[in-house]
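In case you want the letters, here they are:
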Amino acid sequence: MLGAYIAYYVSNALGLGTHPSVGSLLIALASSMVGCALIGFVIERFAYRPLRSAPRINILITAIGVSLFLEFGGQALFGSTPRFFPQIYQPQVDFSIGELIINPLQVVVLSISLILMIALQYLIYKTRMGRAMRAVSFSHDLASLMGIPTDRVISFTFMLGSALAGAAGVLVGLIYPKIDPLMGVVPGLKCFVAAVLGGIGNVQGAVVGAITLGLAEGFLVGYGAPTLRDALAFVILIVVLLLRPSGLFGVNRVEKV
Amino acid sequence: MKSNIKWIVALVGVWILSPILSKYFPPYETLILLQCGVAIILATSLNLINGFTGQFSMGHAGFMAVGAYASSVITTVFYRDFFMSGMGDYFFFVPLLVGAIAAGLMGYLVGLPSLRLKGDYLAIVTLGFGEIIRVVLLNMEVVGGPRGMPGIPPLANFTWIFSSVVITFFVIWRIVKSRYGRSFVAVREDEIAAESMGVPTTQVKVWAFVIGAFFAGLAGGLYAHVVQIVTPTGFTFTKSFELIIMVVLGGMGSLSGSVIAAVLLTILPEALRGYEAYTGGVDLRMVIYSFLLIVLMLSRPQGLLGRMEINDIIAKLISWFRKKKAEVAS
Chain C
33 MLGAYIAYYV SNALGLGTHP SVGSLLIALA SSMVGCALIG FVIERFAYRP
83 LRSAPRINIL ITAIGVSLFL EFGGQALFGS TPRFFPQIYQ PQVDFSIGEL
133 IINPLQVVVL SISLILMIAL QYLIYKTRMG RAMRAVSFSH DLASLMGIPT
183 DRVISFTFML GSALAGAAGV LVGLIYPKID PLMGVVPGLK CFVAAVLGGI
233 GNVQGAVVGA ITLGLAEGFL VGYGAPTLRD ALAFVILIVV LLLRPSGLFG
283 VNRVEKV
Chain W
1099 MKSNIKWIVA LVGVWILSPI LSKYFPPYET LILLQCGVAI ILATSLNLIN
1149 GFTGQFSMGH AGFMAVGAYA SSVITTVFYR DFFMSGMGDY FFFVPLLVGA
1199 IAAGLMGYLV GLPSLRLKGD YLAIVTLGFG EIIRVVLLNM EVVGGPRGMP
1249 GIPPLANFTW IFSSVVITFF VIWRIVKSRY GRSFVAVRED EIAAESMGVP
1299 TTQVKVWAFV IGAFFAGLAG GLYAHVVQIV TPTGFTFTKS FELIIMVVLG
1349 GMGSLSGSVI AAVLLTILPE ALRGYEAYTG GVDLRMVIYS FLLIVLMLSR
1399 PQGLLGRMEI NDIIAKLISW FRKKKAEVAS
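For the record, the sequence lines run as chains C and W. Okay, so the first sequence: first residue is 33 according to the numbering used here, each after it adds one. Okay, so the second sequence: first residue is 1099 according to the numbering used here, each after it adds one.
Quick caveat, the hints were computed from the structure, so don't treat them as lab data. All clues given are correct.
Computed, partial: chain C to chain W, Cβ under 8 Å:
(1) Leu83
(2) Ala86
(3) Leu92
(4) Thr94
(5) Val98
(6) Leu221
(7) Leu260
(8) Leu273
Just so we're clear, the structure is a prediction, and the values are computed from it rather than from any experiment. Built from N, CA and C at the ideal position, the CB exists for glycine as well.
Assemble the whole structure, with the sequences as input and the hints as a guide.
Structure follows, in structure tokens:
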């Protein structure tokens, strides 16, 4: 949501909407990613870091509080009426392969998300920072004993996650040019479903999970029951958690005392 | 037995006071008081799940919806004439019980997957269940679909609501103070340790959900007969969130804390209604709630009362005063 709004203000301020091109798309994308990363940093610093050693349930409550604060704060700040997202990239022609009609916009959006996912994959599995992140996720205390600056790593993770979410906000704004402060609530829940479906802690799994969920919703809407759409994600979530709690590609972690 | 007498006195007190109150109380204030009663039932029942058993449920509005719809279907669709006549007033407990039992069954359904899940997963699943219930209601033509069900007879008066409050509070109080209730707390404190001590953790968790949902259904039934209309939009995630705030603010694991917070958070928006002009007509309630939640978690994560009850605090205060007095005297 914030990503879309930052892009909205930046592109209106710079007049990007009047010169639709790939360049202005990239400017909007980059600015909203940077903006969201900053916001993510601030939130992590002030809301989550003091709670690092608190019980899980407190952190969970804080997380819910933060997300609602952003959404409803946004509603108070920007007003609850939807706004029209500027057309910063507007390709003219659709092209077709056989009977398929493809809008280049969709191709662009899909490839941007693919590039971001590959970059994320590289970052997590091939860089020092990525290794540190995985170590912290495995065991916070052990990682800090090994000399990993855990606070900095967690901070970075938050910035990265927020930046990616911001990018997603811009892409959503591109395809559905109507943004409002509560646009992120349902996708936010569904992305959790997608991550669980693919297996938590697994980027490829999350991608597959998200695509599966999206297709399932698409088919449900196409073949009959569009009003049941929002329930589907949760039905999938419950089924997955009951049958295969570690997700499609997840690894089971044994719980120890 | 001695402690039970207190509750019976409270119940009789409600029966005597209610007709007098409802006669002389202005309608607007009456409505707020009735809503306070409903909020108390909801908050205490959610506290049983979230506070005492430590299972983070975000689907309480869903249970409430089940109770509200089930009881309203009986009073509005099936036996409308009977409940519109004077006689219906005395048999209001039947639809209320049906609603509560329906919600309790739902709680059993939700409780089952909770055996495997913890923390964030459970929170999202219960939230999902709440949403599923709402979406299903949205698609049921019998109950009006998205338009909701108007014209519910206004059966919930002072007597019914505050008797329910007393009964709910009594039942939950006795549960959590009993031997069985300690197994709820044991599950919250350390599930693995509780299980190795022979506490049937699965059973306890499911029971927490069933009882919590039962009373949420009761509250839903009462709520429907106060406001006289139920719509699916009245039972969204925001409603569950409001209840969670009440429980967290009052203190997870403090029943009297929940009561205080429920009353506070029901009256406060009404009391602040006059200042709406200063915010430019923007509804800042959710912003304040969520901010409050973050600040609470950072500064006083145990809530107002923590795990103490109001009588513990009074006892503490008294002993503190006595100590002061003794110090002054010596």
